[in-house]
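All chains, please: the whole structure from these sequences, using the hints.
From first to last, the protein sequence lines are chains A, B, C and D. The first sequence begins at -15 in the numbering used here and counts up one residue at a time. The second sequence begins at -15 in the numbering used here and counts up one residue at a time. The third sequence begins at -15 in the numbering used here and counts up one residue at a time. The fourth sequence begins at -15 in the numbering used here and counts up one residue at a time.
No wet-lab data here; the hints were simulated from the structure. Misleading hints may appear alongside valid ones.
Intra- or inter-copy, both count: the list cannot distinguish identical chains.
Below are the DSS-like pairs computed for lysine-lysine, each with C-alpha atoms no more than 30 Å apart in a straight line [said to hold, decoys possible]:
#1 Lys(-4) with Lys58
#2 Lys(-4) with Lys91
#3 Lys56 with Lys(-5)
#4 Lys(-5) with Lys91
#5 Lys99 with Lys56
#6 Lys(-4) with Lys99
#7 Lys58 with Lys91
#8 Lys58 with Lys(-5)
#9 Lys56 with Lys91
This structure is a prediction, so every number in the text was calculated from the model and none was measured.
Number of protein chains: 4
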Amino acid sequence: MSNSRFEERAKKYFGLEVTDRDRAIFEGAITLGAIYHQFVGTPVSRDAGVVSDLERAIEKTMALQPYIESVKVKIDTSDIGEGTHPYDYSEVSGRNLSVELVSRYGKARVHMGMKFVAELDFPLMFIERIEEED
Amino acid sequence: MSNSRFEERAKKYFGLEVTDRDRAIFEGAITLGAIYHQFVGTPVSRDAGVVSDLERAIEKTMALQPYIESVKVKIDTSDIGEGTHPYDYSEVSGRNLSVELVSRYGKARVHMGMKFVAELDFPLMFIERIEEED
Amino acid sequence: MSNSRFEERAKKYFGLEVTDRDRAIFEGAITLGAIYHQFVGTPVSRDAGVVSDLERAIEKTMALQPYIESVKVKIDTSDIGEGTHPYDYSEVSGRNLSVELVSRYGKARVHMGMKFVAELDFPLMFIERIEEED
Amino acid sequence: MSNSRFEERAKKYFGLEVTDRDRAIFEGAITLGAIYHQFVGTPVSRDAGVVSDLERAIEKTMALQPYIESVKVKIDTSDIGEGTHPYDYSEVSGRNLSVELVSRYGKARVHMGMKFVAELDFPLMFIERIEEED
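This is the structure:
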């Protein structure tokens, strides 16, 4: 099925009032929620090779989701131990995971992200900027 | 910290162009993505008690996410075996999970959902309706 | 397929040296790892109803796994905020999740569990006791 | 804390009857269950680069778990569409995921794995071989 045929069929399930802007926000936010709940709990260490492989894998797999233009993932491992014994590793969590994501649908492009915000003691997801072409 | 103090702080991380409608879509869609990627893979059987307990647990825990007004979850177990041997059970998947969710932020309320759509062979997430108060 | 027919077929994939004791440990440990990595990240609050519904759902769904005789789950919510604003909730993590599980295969029954151990700063999984019938 | 100091403390939580063989099976099986329930649901496509990056990331992160000597992961993407439209991708599931894992504790080394077994219609986890030094 071609891209346009497929999208035509999918669109029937959306309300008529849904704009390109609404849809771009929707698709990007799904992927933010997906990243967090898919990967939280994954073991990580201070080993730069392990961490960067995981960051790339998250970016590439989650960019497959519909209407995602780019995904950038950073896992901060500065609080993790040196790996001196078998239990000395940590895991992906809301405290060490940050994401920048761009979604695009039709004439709208949305920049969004997540990061741990100390003043809120919360891994906040937020919309940074919305671009709409005329 | 009071609700309004907290939201005031969170709001600084959002672009100024972000409307109540944008935000309600954003928060609801995060939770749709979260439900799928948190619970896919959970064992389920035809036992109605097991399934309804899981449905209620998903609804109640995911309704804790910010600005979610209601969550309704249904797991279709009609394709699952009778449980006649130790491996005769199944799991939550895009084929048997459906969700209806209402998010609300300020003057906007958004009805969204997910269900498996046979003609697309895909567990589609969609925005059903957007309500905005004057 | 009957239980015994099915198990006969499954057994071909196991080494001949694998005993009932080995197998009971194996099946129970799979489920411990499964519980942690399936449910870590699930939102929870201090609301006793939400927490006990989630505990029961984890117990009932994970008891479906092969050769699991019982599962008991406790999520400690004493460190979670009062829920005074939309971001004032927490999630299932290695620090608040504890599990007691009994697996049984043939003549062996194994009691195992997981809990956060402060002196190790780690959510330790452990075998408490192994029973073997003559 | 040194490796031996740490393990000494951890060992107190295990029954005295637990042998090296028991423990090696236990630690390996936890990781099999963890891999399945952590990564099932992750988006994948036929793109060989995406898939091999994810396979490597799973291998490297899950090898961090205690007493895991090696992990080999294969995700079969032959059933996935060509990616001709935004919804034309798939996800990690029990049908396409296979794992080979070696755990080692003291004098015991255990070879185990998981793969989808058609005759059982189930993603079976199994112990292939147990080696014990004198």
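Tested hints:
{"no.": "1", "hint": "Lys(-4) with Lys58", "verdict": "between (37 Å within a copy, 22 Å between copies)"}
{"no.": "2", "hint": "Lys(-4) with Lys91", "verdict": "both (19 Å within a copy, 26 Å between copies)"}
{"no.": "3", "hint": "Lys56 with Lys(-5)", "verdict": "both (28 Å within a copy, 22 Å between copies)"}
{"no.": "4", "hint": "Lys(-5) with Lys91", "verdict": "both (16 Å within a copy, 25 Å between copies)"}
{"no.": "5", "hint": "Lys99 with Lys56", "verdict": "both (12 Å within a copy, 28 Å between copies)"}
{"no.": "6", "hint": "Lys(-4) with Lys99", "verdict": "between (34 Å within a copy, 13 Å between copies)"}
{"no.": "7", "hint": "Lys58 with Lys91", "verdict": "within (28 Å within a copy, 34 Å between copies)"}
{"no.": "8", "hint": "Lys58 with Lys(-5)", "verdict": "between (33 Å within a copy, 23 Å between copies)"}
{"no.": "9", "hint": "Lys56 with Lys91", "verdict": "within (22 Å within a copy, 32 Å between copies)"}
Comparing the model with each numbered hint stated earlier shows that all of them hold.
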